[in-house]
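Trainee: As a plain string of letters, each chain reads:
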Amino acid sequence: MTALALKQDKSGLDIDFRGNHLIIDPSGCVYWPDEDTLVVSDLHLEKGSSLATRGILVPPYDTDATLDHLAEKLTSWQPKRVISLGDSFHDDGASTRLTGPSRARLMQMMKRRDWVWICGNHDPSPPESLGGMHASELYLGTLMFRHEPLMEFVPGEIAGHLHPCAKIRRRGKSVRRRCVAGDGNRMILPAFGAYTGGLDLKDPAYQGLFQQTSLKAWMLGLQNIYEIGADQLFG
Amino acid sequence: MLTFIIVSKPLINKCESAALSFHLPEPFANWFAGNGWQPRSHQLELLARVQAGQSVLLIAPTGAGKTLAGFLPSLVDLVDRPKPKPGAARHGIHTLYISPLKALAVDIKRNLETPVSEMALGVEIETRTGDTPVHRRQRQKLAPPQILLTTPEQVALLIAQKDAARFFDNLETVIFDELHSLVTSKRGHLLALGLARLRTFRPGLKTIGLSATVAEPDELRRWLVKQPPQGEIALSELIHLEGGAKPEITILKSSERIPWAGHSARYAMGEVYEAIKQHQTTLLFVNTRSQAELLFQALWNINEDTLPIALHHGSLDVGQRRQVEEAMSNNQLRAVVATSTLDLGIDWGDVDLVVHVGAPKGASRLAQRIGRSNHRIDEPSRAILVPANRFEVMECQAALDANYLGAQDTPPLREGCLDVLVQHVLGSACSEPFDADELYDEITSSAPYAGLSRQMFDKAVEFVATGGYALKTYDRYAKIRKDDEGKWRLTHPRIAQQYRLNAGTIVEAPMLDVRLTRHRGKGGNVRGGPVLGKIEEAFIESLAPGDTFLFAGKTLRLEGIRENTCYVSNAPDTDAKIPYYAGGKFPLSTYLADKVREMLADPQRWKRLPDQVGEWLKIQKLKSILPKFDQLLIETFPRAERFYMVAYPFEGRLAHQTLGMLLTRRLERARARPLGFVATDYAIAIWGLRDFGLMFERGELSLAELYDEDMLGDDLESWLAESFLLKRTFRQCATISGLIERRHPGKEKSGRQMTVSSDLIYDVLRTHEPDHLLMQATRDDAAHGLLDIRRLGEMLFRIKDRIVHKRLDQISPLAVPIMLEIGKESIGSDAQEALLAEAAEELVEKNK
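Residue numbers (the numbering used here), protein chains in the order written: chain W, 1 to 235; chain U, 1 to 848.
Everything labelled a hint here was simulated from the structure, so no lab data went into it. Any given hint might turn out to be false.
[Stated by the list, open to error] Listed below are the simulated DMTMM-like cross-link pairs for lysine to aspartate or glutamate, each with C-alpha atoms no more than 25 Å apart in a straight line:
1. Lys-727(U) x Asp-200(W)
2. Lys-73(W) x Glu-833(U)
3. Lys-472(U) x Asp-91(W)
4. Lys-202(W) x Asp-547(U)
In isolation and in its complexed conformation, chain U is listed as follows (with noise of 0.2 Å):
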């Protein structure tokens, strides 16, 4: 055995260089040693300091040995346990791990096994995620493993157990991996409530969190230790290892044009087949789903060597995936086009090229994406950008440039959410009776509710209860009542099944299972054949039978719809219409767009630009006006009999589509007659039928006031009040809140009568009650997501005077690609009624 006094060497930065000491058993030494390794410093003082107590945030890049830095305390502390005697009660779960992926919590297993076996250690280790078949799930709750992998959904189901507590009476340590990526979300909210139950059962808990470099380190200390009450700060030990090689990115220099619009880099294709060729293992990263169809169709169709080449995303069947990534961790594959599902932690070996179709949107999530490649510390990661459009390349030129500097611009993290509470309120009272005072305490210990008021608690608390409505008339169908201890109590055993069925916060769009089988033509029936995925109902409503899309990287021909299943058939070398996913898109960073907007600025830059795009910002310049970096460029034109509006202000497409909206209110009252909007992640088009730059010159209509703040009062308001984008959040927030029931495959059909659309609930609840505490965590969803009304809140009062308006005789440069999205955006209720009139005047044309 032995003892180790380590100090701080210079690369551990950013924290007290004390002399710690640790303890590593012989087993663990020799292993570095036999492996002709040494234990890496940030590893041991990991090490140090779990053993004296304390919780830690380890902030490493990619390759630096994390993980194993995150399990050698609990290894460490499980060997030197005595063995239990054989026949002995089981002592436990010692160590929970949890990943924001079902697939990383597979791929830390086979890791982690592998140091395990070799040092024959004897400890058990499982995982538990959505994919665990039931009995294994039952097995695991009588005879726990010494280490469980885990996701958050299960940690929420774990502890909502009627014998939680026992359940977790030897639990020791919790690592949270890609912690930095767990905590924007409501995931993270409902994962931080969990913690602090956790530490309720077991006080002297230890945390470890691994995360990747943050803008806030402080924020993720702050949210792995109990937070003391009245507004006091605690904050977690942190160890911040810097460094490792810079990577190797480029942007694709392409001889081909690089269109003005559209997401498909279909032009690149050649080159980008090249690349895989010259390397060994290339992963291809895009976007969306629908753009991994395209790109996987795309380079198959060139594909003349037959390269092995695969697709990987989170609507394809569970056993397509998992061997995909077999094969991937085998060498066995020269490329696999993946989205999102794969962009975290997960370590595949021997890739050499990361490839990035489309924006990165994010300058962090680049950053993620190309540590990827090369998972050693010491060798640069290579990676291309590949750019769809011309706006495209600049944004991948910032993101580049800020890769290179190391900023990070992860969003800031928001307060607990309310429906993610109240879900969390019931789960507590599935586990036990709770005390509220007890309860509030233990909520309010967790960093993100830490500010959460008592008046705000006692209201989740009346809407567990009675649903919390101002009219009481649901106090005898009460799902938790206050008992002769005053303890909180379930009122019936159901209700736990209920919640169980529910509990968790990824709501997704109802999906159908996609089944292939034969072509039968018209009126044959269907059935039987392998399970391809799942894909959006919503989309497959839109088609009729015989229309063809992508999905599986095969073209599809949809052959009927029976309950919950969509067959289809193979449709060879057919055109296929292209699969719309709702999810999966992410709005432009602020951070890129304020680099973006410095780009289009400085000439200086543009050398660095490829030489089309450079002559296309000159162009502009021409031809109209190329803002100053703090500035919000408006042009106007004329175009077939309409005007335009369009505006610059490069905040992504959600702040934009507010904007939008709220424009075309102001300017229909301004009696500018608008028609229609469209937005892009950097611009957005409005036109009508009067000139508006006109209007704007002879003062009938002020630009500073069209865009004055003022529009996110009254009009947000009454805007807010019809959109359906505000109906899809409270969807969502009810679900989450376990208001509404989520769809179970099978039970769709359960009756129309005995449901309620959250739409009917939205608008009644609207009129009726609109303080509800459900309306204000819609609003408070809204602000920060689907409509992104902060951040267009910090863009009007930025460009506050700053306007700059161009008039035009016809369309600029720039105006070019928003032009050509004109017609592709999604439907809002006044286009539906021009859809019906539509129809109607159809018939009347066929009767006449």
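Extracted from the complex, chain W is given alone in its bound form (with noise of 0.2 Å):
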């Protein structure tokens, strides 16, 4: 990986994975030029409604928020190919509760493009209804997409599941952001839902996916992307 030999601009961070150009997006999804793809994950949409139906009642504006953030990120990349890595909606009761204006809006992000539902844990069938297509795991060029990393080794592989975030300490003071983690075969994305939170890199949950001496988060700043190594994370 030579992330640093290619430049940053304000659209995101240019690293090589196995032989693929891919450019990391501050908002934690991957665009992939060569293929003119929009990789994203952990949308959990519908997460605000399903904690109301346990009297929770945290504001009913995740799922907009969450479409408000695609639909800029479908704008600025323009990509005519979507792979949404899973889990993008909060339970299987998720596309009932989608508000009309919801639905209306998500369909018009599909329009016109390639999208693929990845099924995750959380949503094993995604809705047929919203049209697109669906697999439990997709194969493009040198890299396999699907939601949960798998323990084998699978060089290449893309997925989600975990939501990584990563802390560091300096001066006495530490800082946590969500982050893309991968350590040159395989990659994970962090959740990109308005509700989602973060699991750090140091939990055992992540032990044994990845090589600790080749091992990188790309750490999610307000505009800009911080490559950081293994051995400066912290917890």
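Reconstruct the complex from the two isolated chains, following the hints.
Mentor: Okay, here's the thing in structure tokens:
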């Protein structure tokens, strides 16, 4: 991986992943120019209303907020294909709770694009009514897309599920941010949804997924992306 | 049986001196006589007024027998009642006593039991706090004592019970201790609503407020009684007892050099230790828990005579705190280092010296703390103030003048907060279905909510029901719903359980248990060991295993964190990192700030200050300017390739922080290229790449415009939008309002998919419904609390046309303290980005 040989501009950070040129967007999605494809993970649409069913009445605007954000990214990258890496919907009932306007907006975004819904553990069968392609795994060129990273060695795997976050400490202060994590063989994208939290890269859940010596965290800043080495991580 | 007629004696002031009759049964009269005492006239007047069915505010100095006065009417009434026959139904609670502190409830029980057993009154007295075991709390619901000593949180829980009305149907009197301290917070708001509810249960309820001297007694008198509708004001009776011996307060006359900055007061430890040795029992007060740890450590290091010195602060394990309190009341200790957990009303018997380390920050707080020594009204309290730096010397002198003058600077009371209101509305529904009109009338009969509009109340009910969002998608998940009779009713019993877990208004930062274990070395398993107390998770998370810190009077090494416990081992003889606690820092009070500015402007008054401080001010006068009382001094000077602007508003750290944020924005817009700022209680320093002073002189930048009040308009709005301080405030409001659930031990790991962080909710709500009730509550809070916008506004108004600018070619004496603070500040979003960039650069360097 020769990330820093390539220049970072306002729209993202260029990296090389197994011979493929990818651009990490500061929002945490990844654009693949050669395939004109945008990859986004863990939208968790309708998480708010899911909590509401349990009496936690958080603002019902998370779906709108997530879609606003996604629309912005579609406008700036204009991708021909979108891969949503699973857990796009927070639960099975999410698509029925989706309000009319939200649904219409989502379908508008999907128009004139190849849209791939990868199945996740929250949405093992994403709603058929929205259209798009459904898959549990997708192979494109030398890359493979799925929701949960596999424990065995699958070079070129791009996954989500874990909501990676990284933490550094400097001068007695710590900073924690969502991040894209990768070791040259595998890449895990952070959650994109408005109500999704994160899980620290130091958590045991990541054990065995990355080669520690080559692990990098691309921490998402306000406008920039910061490449951090595994030995700089804290927690 | 005796019946007296008393006429108020001159000792009692400010109350109608009408003839009052009271009735004091024989056992009481005998008990007073047997001890060689006479009931004091304010005790008898209070008795008479309560017996006449009145509610009363008693203002009296410490040591005036306030507690006995408060309980006397209830004890007399209970003794006069016929004893229930064995096996008959029990009578229930007769008197509720509510104190702001758990320790105070325990202490009062101890003090009350003596007269009760000496007079053989047979009155049942019990405490009920968060520390009371569950089985006893359950038993208390079935078989309540006659007098229950409790806290505001427990009252909220008791009135939200299903059979609350029946539980309280014998209630006659509610006593509020330390009322002046209760009413200033959200706890006070919740308690006021609870009181309104109790009055609905028992319309003839009498209230007694016990208070130290306050600036506005009428605010407390209002608080105690039912407020009539339509803006009329009702007041309780008032008994105001003045006097008490004047305290003897001195500022430590140190022969050591007083430092420019810092808060440790290490320089004075030898002298403080000497003072401890010369007295029987000393109470040492500090402002923060970390200062308490530091001071304790420093004293212990020089404790050659191994005097019994103890440490007491709110993070320590309950058992340890109780031990210290016991030892203290048995006179086994020579000194206790304490924070505010101890500074309210607890009777410590033989304390003969109070040492206050660091500036007291408020004159009222100082008076309260000094009241701890010599708890007898006719003997003067003795106190020594130990300023930690030179500005604090002035502040201490100002506080000292104020205490002699009897000045009071308690903050003005706020209107009732909305997050507390919605909590109470849900609590009401948990108790029984409510009628909106009735509940509105009840709520507006409490003083803090007397001005609540019906529209706002309806919004609060909507919030409880469905979240109160403009987008009505949650109707089917409503928590409360109108039934056929038009009453709001819980939709599920589960909601009452949730309420009980989340009630209360104290939102603490997430805490971890601290457990002592043995040092295992790398890779060793940690487990077991005694609990030392609790510590902020955010602090521990910034440590790595092996790092050391001070806690519970020990130097500890972090071994590891497992779930909600942090394991530590003893690390003797090492220098420790200092625990940083977010809470516990009070800003300088407006009143003291005024006094400090007065002193600064008046060289005559410097004579009272230590020579080195007087010298410092003289040199300032020589090298720069000393501002007049009503002026704002601004100094500009270059230093190490940067340009500085230092302003001295003396308005407290919070208001200064807000000012700093807003000024940097304005300077940025004016292309003055500011880089950062730091704020203390006294001053603010901003630095940048362009010469601010030159810009002012050339007219490129106008001071008047820079400091114009209009910064509280658009600049404030746009800064608030991204402020992490506001997120912290929002978290509190969201928790109190019940929007998000409190974290409970053992439930933290219930899964990241199941919860949402309040920061994320804030971002979404701010963009999509900025006028939501919770956003309003957050902005109100910020204006009064973390951002202190109210005070900043008053300052900007005050200094209009009174700014004096001095351009210097080097740092001024007055600027030295704040310049030393640079680099110690906490971290904002820009600073975070800088740290990330630094880390990324480091990686590049390594790979070269």
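Trainee: Does each hint fit the structure? Answer for all of them.
Mentor: Hints versus structure:
1. Restraint check for Lys-727(U) and Asp-200(W): satisfied, since their Cα atoms lie roughly 21 Å apart, inside the 25 Å limit.
2. A threshold of 25 Å between alpha carbons decides the hint, and for Lys-73(W) with Glu-833(U) the separation of about 22 Å falls inside it, so the pair holds.
3. With a C-alpha separation of about 21 Å, the suggested pairing of Lys-472(U) with Asp-91(W) holds against the 25 Å cut-off.
4. Of the supplied pair hints, the one linking Lys-202(W) and Asp-547(U) holds, its CA atoms being roughly 18 Å apart against a limit of 25 Å.
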